[in-house]
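2 protein chains.
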Amino acid sequence: MHILITGAAGMIGRKLTERLVIDRALNGQPVEKLTLIDIVAPARLAGFSDHEKTRAADLADAGVAEKAISERPDVIFHLAGVVSGEAELNFEKGYRTNLDGMRALLEAIRKTGDGYKPRVIFTSSMAVYGAPFHHTISDEFHLTPLTSYGTQKLMCEAMLTDYTRKGFIEGVGIRLPSIVVRPGKPNKAASGFFSGIIREPLAGQEALLPVSESVVHTHASPRSAVGFLIHGAGLPREQVEPHVNITMPGVCCTVGEQIESLRRVAGDKVAARIRREPDELVMRIVAGWPHRLEGKRATELGFTVESTFDEIIRVHIDEDLGGKFVA
Amino acid sequence: MHILITGAAGMIGRKLTERLVIDRALNGQPVEKLTLIDIVAPARLAGFSDHEKTRAADLADAGVAEKAISERPDVIFHLAGVVSGEAELNFEKGYRTNLDGMRALLEAIRKTGDGYKPRVIFTSSMAVYGAPFHHTISDEFHLTPLTSYGTQKLMCEAMLTDYTRKGFIEGVGIRLPSIVVRPGKPNKAASGFFSGIIREPLAGQEALLPVSESVVHTHASPRSAVGFLIHGAGLPREQVEPHVNITMPGVCCTVGEQIESLRRVAGDKVAARIRREPDELVMRIVAGWPHRLEGKRATELGFTVESTFDEIIRVHIDEDLGGKFVA
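Going down the list, the sequences are from chains A and B. Residue 1085 is where the first sequence starts when you use my numbering, and the numbers rise one by one after that. Residue 1085 is where the second sequence starts when you use my numbering, and the numbers rise one by one after that.
There may be inaccurate statements among the hints.
Since copy identity is lost for identical chains, a pair holds within one copy or between any two.
[Said to hold, decoys possible] With a straight-line Cα cutoff of 25 Å, these simulated DSS-like cross-link-like pairs (lysine-lysine) come out:
| no. | residue 1 | residue 2 |
| --- | --- | --- |
| 1 | K1201 | K1177 |
| 2 | K1177 | K1250 |
| 3 | K1177 | K1408 |
| 4 | K1201 | K1151 |
| 5 | K1151 | K1269 |
| 6 | K1353 | K1195 |
Calculated directly from the structure, the hints in this document are not laboratory data. Note that this is a predicted model, so its numbers are computed, not measured.
In isolation and in its complexed conformation, chain A is listed as follows:
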């Protein structure tokens, strides 16, 4: 099996690659070849064979999508895209990368005209939903994104369904909840604090909390995100089509509950490193975000996620901190 990962240098792309390199298989089928592309060339991992290639490429550039599929990958994990904050700040770049890049990929596949029909696993986002919400967002709740990022994800979801229905691809759209704890440096994303209030204290640093502890959100670990993608790639088509975009399950909790989890897992001293510094702008942005996802269909389809936020913290300590933290 030949697997192509776009956006392979991103956080989920790297973790997916690591998993595939370790497993050497996808849902029981041996992986013989792995192609990784991103705007910057993804790092080669230890354990890579000669049948694994990495390349810097922008799918929205002319000819790039055609080249990306020229060796007919059986499975494509399409993770490439700019994040929410960047799509909001740079309108043209957001549409170009998130919409045109995906469309170029789908069009390249359609135009092969030789019966080539890869499985395409696309990472969408809960950003396809927009306020006002009910207590819980059901699988049948309308799609009214309130960001450019969410708009582009919705447009891509719609194409994924249509190209699947027309027989050009076998699409699966994975609508991710908020993925925490993101390893690495803090970033400027408005959602950054959801990871920051866990990551920084565990690293012995102070973290700022810009919103109220009553804010509710739905989370999954990066490990679960990789699990979603792999499970999605293996689902029988009759369980996926025609509505190929699936809202993932997650751990719904308040920020206060996140902090209590941190206290249970790492102790009072760690939890005390969170400093409350209300930020009106962040509060206003977060108020428009989806909070509590039901994810009923996904659960019925066998997608699994952590059952507590404690587990999500432990995944971070295990996977990104080598089992240790600054007590």
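Given the coordinates of chain A, assemble chain B onto it according to the supplied hints.
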């Protein structure tokens, strides 16, 4: 006020133009200038002044959208598009006309960069919904189109919202129910029979009914469709934003009820001109279509529609048949 109508040669475009030429005003504001474009040059109507222009133009062609807005129309009715059946048969043409044409228009507006911010009234469709449905489709039901046409309409709706949110336009998306009775010749659209079983019998001709009389659908007259567009153009922005796409109300009834209406309005002899000829393909297509729209928000916003199918038939007799039919 300068009004631009794209797709002005189509059925709704023509009826909207007629209404504006008669009213010489839009929601109380005088119309000084009218620009009509379509793939084929729209016919000039009697009563046109020198300030009204018609032009053949394809918005998806380079430079056309820029030219269309070069005189800064205050209100744009964007009706241009290929219909459902054509978008299904010709995949590339559907995306080009329905998606790229709209995007070119929005981009041309955005790129003026001089504070130009027209009101853009876009005709969307109930095709943004896909089966399975509940008894009634509420305003919060998810958007899962099962046709290329519905996919393109959904993608355009999403852009309309985003360009509005970013302050480039003042968008309103009008999700039309099935518009009947369409005047003119029968066409090959799978939905054609909804008009055909009324139009042909009233013209003294036989009509074929390919589906069961129990099929439920939501209808509005072309006159109501024009009313929706005009009302939508005049709504206060705070009532429209941020969710600018609004599902219109309609008359929900079965095909059997449509036929009973025809009998009441035009007599037994006319209703007897309908011949049952079940068509498996049409039945299968229609089964995936939205049936009963609630349209609650639209009603609250003051959009009005016929209250019975009898009225819809009478609008056709009045508007398209000069008050007469073949008894």
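Status of each hint after checking the structure:
no., hint, verdict
1, K1201 to K1177, "between (29 Å within a copy, 22 Å between copies)"
2, K1177 to K1250, "between (29 Å within a copy, 15 Å between copies)"
3, K1177 to K1408, "neither (39 Å within a copy, 57 Å between copies)"
4, K1201 to K1151, "within (16 Å within a copy, 40 Å between copies)"
5, K1151 to K1269, "neither (33 Å within a copy, 47 Å between copies)"
6, K1353 to K1195, "neither (59 Å within a copy, 53 Å between copies)"
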